[in-house]
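The primary structure of each chain is shown beneath.
2 protein chains.
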Amino acid sequence: MTCFVLAAMTLDGKISKSSSFLTTEWTSEEDFLFMRSKLDVSDAVIVGRATYDLAKEPLSVRNLLVFTQSVSGIQREHGRLAWMNPAGVDVMAELKRLGAERVCILGGRAVYEWAFEQDLVDEVYLTIEPLVFGKGISLMDHGDYLKRFSLKSVEQINDSGTVLLQYSRALT
Amino acid sequence: MTCFVLAAMTLDGKISKSSSFLTTEWTSEEDFLFMRSKLDVSDAVIVGRATYDLAKEPLSVRNLLVFTQSVSGIQREHGRLAWMNPAGVDVMAELKRLGAERVCILGGRAVYEWAFEQDLVDEVYLTIEPLVFGKGISLMDHGDYLKRFSLKSVEQINDSGTVLLQYSRALT
Numbered sequence: 068m069t070c071f072v073l074a075a076m077t078l079d080g081k082i083s084k085s086s087s088f089l090t091t092e093w094t095s096e097e098d099f100l101f102m103r104s105k106l107d108v109s110d111a112v113i114v115g116r117a118t119y120d121l122a123k124e125p126l127s128v129r130n131l132l133v134f135t136q137s138v139s140g141i142q143r144e145h146g147r148l149a150w151m152n153p154a155g156v157d158v159m160a161e162l163k164r165l166g167a168e169r170v171c172i173l174g175g176r177a178v179y180e181w182a183f184e185q186d187l188v189d190e191v192y193l194t195i196e197p198l199v200f201g202k203g204i205s206l207m208d209h210g211d212y213l214k215r216f217s218l219k220s221v222e223q224i225n226d227s228g229t230v231l232l233q234y235s236r237a238l239t
Numbered sequence: 068m069t070c071f072v073l074a075a076m077t078l079d080g081k082i083s084k085s086s087s088f089l090t091t092e093w094t095s096e097e098d099f100l101f102m103r104s105k106l107d108v109s110d111a112v113i114v115g116r117a118t119y120d121l122a123k124e125p126l127s128v129r130n131l132l133v134f135t136q137s138v139s140g141i142q143r144e145h146g147r148l149a150w151m152n153p154a155g156v157d158v159m160a161e162l163k164r165l166g167a168e169r170v171c172i173l174g175g176r177a178v179y180e181w182a183f184e185q186d187l188v189d190e191v192y193l194t195i196e197p198l199v200f201g202k203g204i205s206l207m208d209h210g211d212y213l214k215r216f217s218l219k220s221v222e223q224i225n226d227s228g229t230v231l232l233q234y235s236r237a238l239t
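For the protein sequence lines, the chains are A and B, in the order given.
Residues 68 to 239 in this note's numbering are what the first sequence lists, from first letter to last.
Residues 68 to 239 in this note's numbering are what the second sequence lists, from first letter to last.
Take these hints with a grain of salt, some might be off.
[To be verified] Calculated cross-link-like contacts (lysine-lysine; reagent style DSS-like; alpha-carbon spacing at most 27 Å):
1. K84(A) - K123(B)
2. K219(B) - K202(A)
3. K163(B) - K105(B)
4. K219(A) - K105(A)
5. K84(B) - K214(B)
6. K123(B) - K202(B)
7. K214(A) - K202(B)
8. K214(A) - K84(B)
9. K123(A) - K163(A)
10. K219(B) - K219(A)
11. K202(A) - K219(A)
12. K123(A) - K202(A)
13. K219(B) - K84(A)
14. K214(B) - K202(A)
15. K202(A) - K202(B)
16. K163(B) - K84(B)
17. K84(B) - K123(B)
18. K105(B) - K219(B)
19. K202(A) - K84(B)
20. K163(A) - K84(A)
21. K84(B) - K219(A)
22. K105(B) - K84(B)
23. K163(B) - K123(B)
24. K84(B) - K84(A)
25. K202(A) - K84(A)
26. K214(A) - K105(A)
27. K219(A) - K202(B)
28. K84(A) - K163(B)
[Stated by the list, open to error] Examples of chain A residues toward chain B, derived with CB under 8 Å:
29. R169
30. V199
31. M207
32. D208
33. Y212
34. L213
Hints listed in this document are in silico derivations from the structure and should not be mistaken for laboratory results.
Just so you know, these numbers come straight off a predicted model, no measurement behind them.
Idealized CB from N, CA, C, for every residue including glycine.
Use the sequences and the hints to build the structure in full.
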């Protein structure tokens, strides 16, 4: 199984201004298209509750694991959507049950933090939009790492100055 | 006068793990050489107290303005070094007095925040090291912007996967 992080951030390292701020208000169309192309090759997508609420439509056809503290274990809404409290569930077992080979970690921050804490992150696809927010939500705020990744590619993906960085787990 | 921000950050948007963590412990030699090349063409450098304490030696020959709250106005140590409380000093007047044409904003976070708040930032040179810290000090934590910059170049500067992004103030 391969798990990859998909994230868009400002040049000052923010994935959002606030939990109610829609990502598509500031990210580029090229970032959106790239996200869709990665979702299309994902067998399962893990998102947090706030990210799910903001992006229900493009996520509606995926195998979706929505992390939330408002359930204690797993609550299946239908065959392709499960609410899940990662503190009380064996998430890896659930991913295996789904036969997931490629798992997309779509955020927000708490989901990114969980994935790095579990050492699940094999690849990172990071889009940097040419904006500064100042105050906002960082990609991560917890964990104490000095974790090195291997840069696979760097590319400017539009005329507006959006940059896509691709990393993979560094060989140790 | 042109003011530019020089910053190195992790791929999760951190400029340091803590205020006592030496930048050169995790940044690349190529980032250090790039920083030196930009300092060499700077007429004045603005740093915060913690950054100055960590980098006295490479900074010792510059026109240095060290921001600190421990003085109330300006306290000149010698011709090339002045301690300064930006809340009580006309910093721009001081830069003009020095005849500074190119001013380097070297950080840390509070100095970056000050420069963006004053709308002084004409250029940003951002090095992204292929590391994840988790908890740490963000490039900025204050201010409420949706400030767009113009990407001038993007370049991988070494085999370790360090990327250098160059931005300038977007035309409005």
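Hint check:
no.	hint	result
1	K84(A) - K123(B)	violated, 35 Å
2	K219(B) - K202(A)	holds, 25 Å
3	K163(B) - K105(B)	holds, 20 Å
4	K219(A) - K105(A)	holds, 16 Å
5	K84(B) - K214(B)	holds, 26 Å
6	K123(B) - K202(B)	holds, 26 Å
7	K214(A) - K202(B)	holds, 12 Å
8	K214(A) - K84(B)	holds, 12 Å
9	K123(A) - K163(A)	holds, 24 Å
10	K219(B) - K219(A)	holds, 22 Å
11	K202(A) - K219(A)	violated, 30 Å
12	K123(A) - K202(A)	holds, 26 Å
13	K219(B) - K84(A)	holds, 25 Å
14	K214(B) - K202(A)	holds, 12 Å
15	K202(A) - K202(B)	holds, 16 Å
16	K163(B) - K84(B)	violated, 34 Å
17	K84(B) - K123(B)	holds, 19 Å
18	K105(B) - K219(B)	holds, 16 Å
19	K202(A) - K84(B)	holds, 18 Å
20	K163(A) - K84(A)	violated, 34 Å
21	K84(B) - K219(A)	holds, 25 Å
22	K105(B) - K84(B)	holds, 24 Å
23	K163(B) - K123(B)	holds, 24 Å
24	K84(B) - K84(A)	holds, 22 Å
25	K202(A) - K84(A)	holds, 7 Å
26	K214(A) - K105(A)	holds, 24 Å
27	K219(A) - K202(B)	holds, 25 Å
28	K84(A) - K163(B)	violated, 35 Å
29	R169	violated, 21 Å
30	V199	holds, 4 Å
31	M207	holds, 5 Å
32	D208	holds, 6 Å
33	Y212	holds, 5 Å
34	L213	holds, 6 Å
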